[in-house]
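**Q** Chains as they are written, first to last, in the working numbering: chain A, 1 to 95; chain B, 96 to 579.
Keep in mind that the hints were calculated from the coordinates and are not lab data. We treat Cβ as the ideally placed atom computed from N, Cα and C, and that holds for glycine. Careful, some of the hints might be misleading.
To be verified - Example chain B residues on the side facing chain A (calculated, C-beta under 10 Å, incomplete):
#1 113
#2 117
#3 229
#4 230
#5 296
#6 356
#7 359
#8 394
#9 413
#10 419
#11 456
#12 564
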Amino acid sequence: MSVEQAEIEKIAHLARVRIAESEIADVTQRISGILDLVDQMQAVDTSGVEPMANPLDATARLRADEVTETNQREAFQAIAPETEAGLYLVPKVIE
Amino acid sequence: MDIETIADLGAGLRDKRFSSEEITTDLLGHIEKQAGLNSFITVTADEALSQARAADQRLASGDAGPLTGIPLAHKDIFCTAGIRTSCGSRMLDNFIPPYNATVISRLAEAGAVSLGKTNMDEFAMGSSNENSYYGPALNPWDHSRVPGGSSGGSAVAVSAGLVPGSTGTDTGGSIRQPAALCGISGLKPTYGRVSRLGMIAFASSLDQGGPLARTAEDCAILLSAMAGFDAADSTSAERDSEDFTAQLNADLSGLRIGIPAEYFGEGLDPQIASIVQEAIKDYESRGATLVDISLPHSELSVAAYYVIAPAEASTNLSRFDGVRYGHRCDNPQDLLDLYTRTREEGFGAEVKRRILVGTYALSAGYYDAYYRKAQQIRRLIKQDFVQAFEQVDVIMGPTTPHTAWKLGEKSDDPVAMYLEDIFTLSVNLAGLPAMSIPAGFSEGLPVGLQLIGNYFAESKLLNVAHQFQQHTDWHRQQPASSEG
Chain A
1 MSVEQAEIEK IAHLARVRIA ESEIADVTQR ISGILDLVDQ MQAVDTSGVE PMANPLDATA
61 RLRADEVTET NQREAFQAIA PETEAGLYLV PKVIE
Chain B
96 MDIETIADLG AGLRDKRFSS EEITTDLLGH IEKQAGLNSF ITVTADEALS QARAADQRLA
156 SGDAGPLTGI PLAHKDIFCT AGIRTSCGSR MLDNFIPPYN ATVISRLAEA GAVSLGKTNM
216 DEFAMGSSNE NSYYGPALNP WDHSRVPGGS SGGSAVAVSA GLVPGSTGTD TGGSIRQPAA
276 LCGISGLKPT YGRVSRLGMI AFASSLDQGG PLARTAEDCA ILLSAMAGFD AADSTSAERD
336 SEDFTAQLNA DLSGLRIGIP AEYFGEGLDP QIASIVQEAI KDYESRGATL VDISLPHSEL
396 SVAAYYVIAP AEASTNLSRF DGVRYGHRCD NPQDLLDLYT RTREEGFGAE VKRRILVGTY
456 ALSAGYYDAY YRKAQQIRRL IKQDFVQAFE QVDVIMGPTT PHTAWKLGEK SDDPVAMYLE
516 DIFTLSVNLA GLPAMSIPAG FSEGLPVGLQ LIGNYFAESK LLNVAHQFQQ HTDWHRQQPA
576 SSEG
């Protein structure tokens, strides 16, 4: 199944990945190739087959709701691109 | 110099024939001399020497285990506190983790010495190491060829004799395929055996850490330290680690080996087919029974994998946003510009493709046709294996359809690259343990025999692999570049 360039642009926006104008045709073509490959699946009858999310069919373990971690804000923010007063800085969102 | 195994080095250390500081210094020298192989992204010489001295004290006090003082290298996907962990990506080129992955801390507690962090395909996405931001590692058997991937640097470092063992991760073959292409042994454990904490996530329902080394015995020594339940990993299997060396010498008579017809069909290099068949005949001549089996859904594994893995990757990699750590673009105009340009610059072409494919497969209107469908096929693939293991103890076949290819040969064609993983992907979808061990050479390039075991049957797999290595010497062959 081939995919339209406009669709790739929409997906790229959803994924928050910018794709340069000059690359979009090439990216569209390669992703079409990948989707052609995965379309083999459509020929298989899977009616009644339970989807498998975990190979051991395990579900997430629960734990007691207890505080186990200590505050390490300074260590974690030491590697951030920009912080101020213990907060992460991003460009202004509201004018 | 003759490349030594972890088992031999460990015995030498405990017998005081040499010190950990001596072998660490020696190997750091080799790494420097072989820098052209590009197997390391970061070498941590100072830290290694201080760990080696600490190990020597432990050895002197008699408190030493099988890994105390043994130099290792870690795939640059495992977070190392205070040491840059790039995951082969520009996105994390400046990332210094504040904590250790469980695998790293367990091996450190066992006394192993870390010489550094090895090269890999960006975010473990690739089968050739060419997707690394730092350029590809080179195959020690032929420098014009790829080492395989994604744990390419870890395989090269062992193959070239720069370390006796290393860590890797395997989401679709990323331990077994480079092990095969570089002529060493590699083990992907059962899903959940080895903690994923601090192992940068690619596809969470498939990712599994494991060892690479020259021999099955060394893989067993490494796995014994790496495995075990970790409450901090929500998908960790509730199983204690084992002494995976305990069954290495068990008798193989009566072993039932399943030979899947689907693993010897079209697309397999005939020389690899005959080398693998010869290895299987060797088992037969030593008392094993061969059983023809069928894994009818295995040809769908590439399709199902290339929906599930990109879908999970697109979700996992959404965390790289230029806000908390890692790369951030210059002068973002607004928040959307910050996200989109940071991700455009930080991710390479293959990673972006997989994020887009995954986002597409999960987007409204396509979920049932792609993600749900792939998860249903995943169950059919698992059921094939479950049925097969009612009749057999281990399944054998080739690890890869071809030997190491030329750098650049497939890098322009993602689908051709994906098909190289045809024999390894289904194992990850099913969550089973599997190994690749050296079985011979085709035109001077190593060929891997793949052994697939039942759930949590790593001890059996290692036993079967070790017995082969008792009377073959493929695993002892070394590339010319490792000499001197």
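**Q** Are any of the numbered hints broken by this structure? If so, which, sorted upward?
**A** 1, 2, 3, 4, 5, 6, 7, 12
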